[in-house]
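K.L.:
Respectively, the protein sequence lines represent chains A and B.
When the letters of the first sequence are read in order and numbered with our numbering, they come out as residues 1 to 650.
When the letters of the second sequence are read in order and numbered with our numbering, they come out as residues 651 to 937.
Hints are computed from structural coordinates only; laboratory data are not their basis.
Nothing here was measured: the structure is a model prediction, and the numbers come from that model.
Yeah, the Cβ is synthetic: ideal placement off N, Cα and C, and Gly gets one too.
Incorrect hints may appear among the rest.
Output of the computed footprint for chain A on chain B, the stretches with three or more beta carbons under 8 Å from beta carbons of chain A [to be verified]:
| no. | segment |
| --- | --- |
| 1 | 693-705 |
| 2 | 844-851 |
Residues from chain B shown here face chain A by an in silico Cβ test under 10 Å; the list is partial [what the hints assert, rightly or not]:
| no. | residue |
| --- | --- |
| 3 | GLY723 |
| 4 | PHE837 |
| 5 | TRP841 |
Residue-level listing of the chains:
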Amino acid sequence: MTAPHSVLGTAGTGSPAASASTGLLDVRDLTLDLADGTRLLHGITLRVAAGETVGLVGESGSGKSLTARTVLGLLPARAVTTGDVELDGTGVLTASAQELRRLRRRTAAMIFQDPRAGINPMRTIGDHLTEALRLAEGWSADAARARAVELLEAVRLPRPEDHLRQYPHEFSGGMLQRVMIAGALTTSPKLLVCDEPTTALDVTTQAEIIGVLAEQRASRGMGMLFITHDLNLAASLCDRVYVMSGGHVVEQGQARVVLRDPKAEYTRRLVAATPMLAGVAPGALASAADGGHISGVIVRHAGQQHPFTGASSSISETVRAVGTDAGGSAVSAPPMLEAAGVSKTYHRRGKEPVRAVVAASVAVPRGGAVGVVGESGSGKSTLARMIVGLESADSGDIRIDGRERTAVPRSRRERLAHARSVQMVFQDPYLSLDPRITAGRAIEDALRLHGAGGGGRRRGAADARARVLDLLDQVGLGEKHAAARPRTLSGGQRQRVAIARALAVEPDVLVMDEATSALDVSVQAQVLDLVDSIRRERGLTVLFISHDLAVVRRVCDETVVMRRGEIVERGRTAGLLADPQHEYTRLLIDSVPKPGWDAEAAAVELEAADLDAGGADRSADADDVVADDADDAESAAVEAASAAASGQAR
Amino acid sequence: MTPTPTLAVTVMRAPRRPRAGLTFAIALGVLAAMTLAAIFAPFLAPYNPDAVDFAAVNAGPSSAHWLGTDGLGRDTLSRLIYGARTALLGPLLVVVASTVLGILLGLLAGWRGGWVDAALGRVFDVLFAFPSLLIAIMAVALFGKGLAAPVIAMSIAYAPFVARLTRSLIAAERSRPYVAAYRVQGFGGAWIALRRVLPNVTPIVGAQSTLNFGYVLAELAALSFLGLGVQPPTADWGAMINESQAGLLGGHFLPAIVPAVAVVVVVVAVNIIGEELSDRIGGGSRS
């Protein structure tokens, strides 16, 4: 394997005539078989012209990364390929090790998804950036160093000179991805292959990274092969896109045409499943109305941003005052979930304490759905953990259906009562299911615990079985899944099991902590549909935590925006997205990638708005970067602290 | 938002099946043969292991005595077969006892954390400071010769190795979301630890523990060689080497070499099995 930063340079000796006629990258009928005969790529054909940005879009397992790696000759061990991959006139598949090395040094470079995995943690940033120049190109240390500083400036890192002496662990994910980009650019490659370079990053950081990439592309005239699962991102960045599914290219063409007016069935489904910030929100309002539940305005109006400080009664009053529009009896009903002035501070030995949640207040009406939106380290997960009783709040008050649920439950009776009040669906279904326990058993465990204890009657084995199948049926799974271990289930199926397991307890409130962010868009759409139908049928109250505004828009009537532990804005989701009051909300909304043609239209409006607002735009100058990266580092600290705390919680 | 391995990454890593199969099968065969020999010793051994035949002292291999005889004219093959009983039984007892003890202590330290973890950690440190052979010798000095005292002493000496591994696995497991999921469902800590988390780590710990078998076997053999373990006239590989020292000077190597080779072969076989098991379990259970 090549080091990820290895910079691939020009095939200087390649015949210019050949490269002119075929474009920069020319992949023809590429197939790839593993040693055991499994065919992973079925006749891929794609082209990237010099200076062109081409998107490779698809869901996990579609073979998009595999295709991109082939471009650099990174093949699975003992794989068999047919077809042609021509990079700047040189055939990659038939290239000798020496030719391949030259291609990787000068012609093409690659950026990977997780920057932390692609950098040696024991070496400084300066070593990382200069070693390719010194060792492969024979530059002197001083010249290489000067070049590195130049590159770090180019990717808008604030203090290039200092950064050269720093180690990767001192950098946030966003800063490190900038370093990786700088590393990829050291020898001015003609083609930059980006493999989901922003997937692991927050949306505001993503916007900055994309900005840097677009800028470098423009100033260097590089070709770019951009792999992503995010249609909106592809649309905002790419000239042309290829849509891949199951190792086939199912559709290709101008980004605008393909994504606006998809021809292939698969692309249509993909586009339909992608949650958007604009347009009609299918889920939230419809479900609430259909079910005849209270779709009431719970929290204060968006204009009043100051959080409630302690007084839980004020929330109730607000609810009563604002009322609901569904049925008179509901008007006086207290909220199902009510958190008032909740705070949590992590104290770390020898370091500054981290204030993960600061006086946060949230109320969810019976049968309602409220979203909590924020970036990593905003405290949204800590809030969720306090609500479900995994962590204790330092101050404040959490009530569910009027019952006190602030403390971490200790006795068996408290534990069971708390569990029946609130259940949680976790982010990563790969980790939140016990690897050894079958799906049916996991649900049965929960049924038995609650059936035998508080329910007062012991469930018979047959009765429990029937309930398990019933629950699996409700989440769209069948009897055959009951005996399956998590390993054999797909991500979507696992998350369904997790939901069924939570429903088995018949909780008043369901907290979903980033419950769909680890899933592909089409699977995410299915899971969100499932949540809708469960809400309709059961009148379940949902607190939906997510970093993704578009997803929240689809599910939630109300939304709360968190930043660094504080709630900065709240209101009806539609209103909040259309007319954000707080600058951070605006930043979040602006950072969501939008298709280029939408952005053009929006830009005009924005300019007008900026004039009104006194030009308070967010041009990414160096100061901004410093501030944002400081935020990043702080966020990382909060994450680390809460991870440590969850480790201690028993 | 966490990066998940894509198809490309899994595929790049996947196709690697070293030819460990054959070695593993041979190692299993050796251990199985030794075990069967130990169990069915009375039927397999051609002679009584203690039968003295002064007509054939230090005899070389012959059709009557395949591996020759020792200085007292006892059949080496028969003694080897009977010796397998103590050679395998001792380490087996030590491995089982140290694993059970170590897992319990490790679970306690890893799950409870805090001062319990700190206190147990220091106790382990102290135990690590003594070579296990030394502890065994002290036990023999206190409680007398034989198999029981060394086995108990070695069980205690080896438990910290198991405990330390268990502790780190449990501590890692404890912070996994599935444990939090059990808590949210209302399960108690003890139930989660014993019924769900412990079974998830025991295969890994168990596989590591089998590696201890070889070390213990060698150390118990050393103890008998020093005359502190199994006592004559009971056939034991360590004791056999000890008893044949006089013969060595007279040029009769076989009675010493045969049990020595047996020790080496079993230790190597057990290590191959243990490593292969840890590889399979360690690689397979994490999805």
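K.L.:
If a hint holds in the structure, say so; if it doesn't, say that too.
P.N.:
Hint check:
Beta-carbon proximity to chain A at under 8 Å applies to 0 residues in the segment 693-705 of chain B; the threshold of 3 is not reached and the given coverage is violated. Restraint check on the segment 844-851 of chain B versus chain A: 3 residues with Cβ-Cβ distances below 8 Å, three needed, restraint holds. Given the 10 Å rule on beta carbons, the hint for B/GLY723 is violated: about 57 Å separates it from the nearest Cβ of chain A. The beta carbon of B/PHE837 comes within 6 Å of a beta carbon in chain A, closer than 10 Å, and the hint placing it at the interface holds.
Taken as an interface hint, B/TRP841 checks out: its beta carbon lies about 9 Å from the nearest beta carbon of chain A, inside 10 Å.
Against the hints set out earlier in the document, violations occur for numbers 1 and 3.
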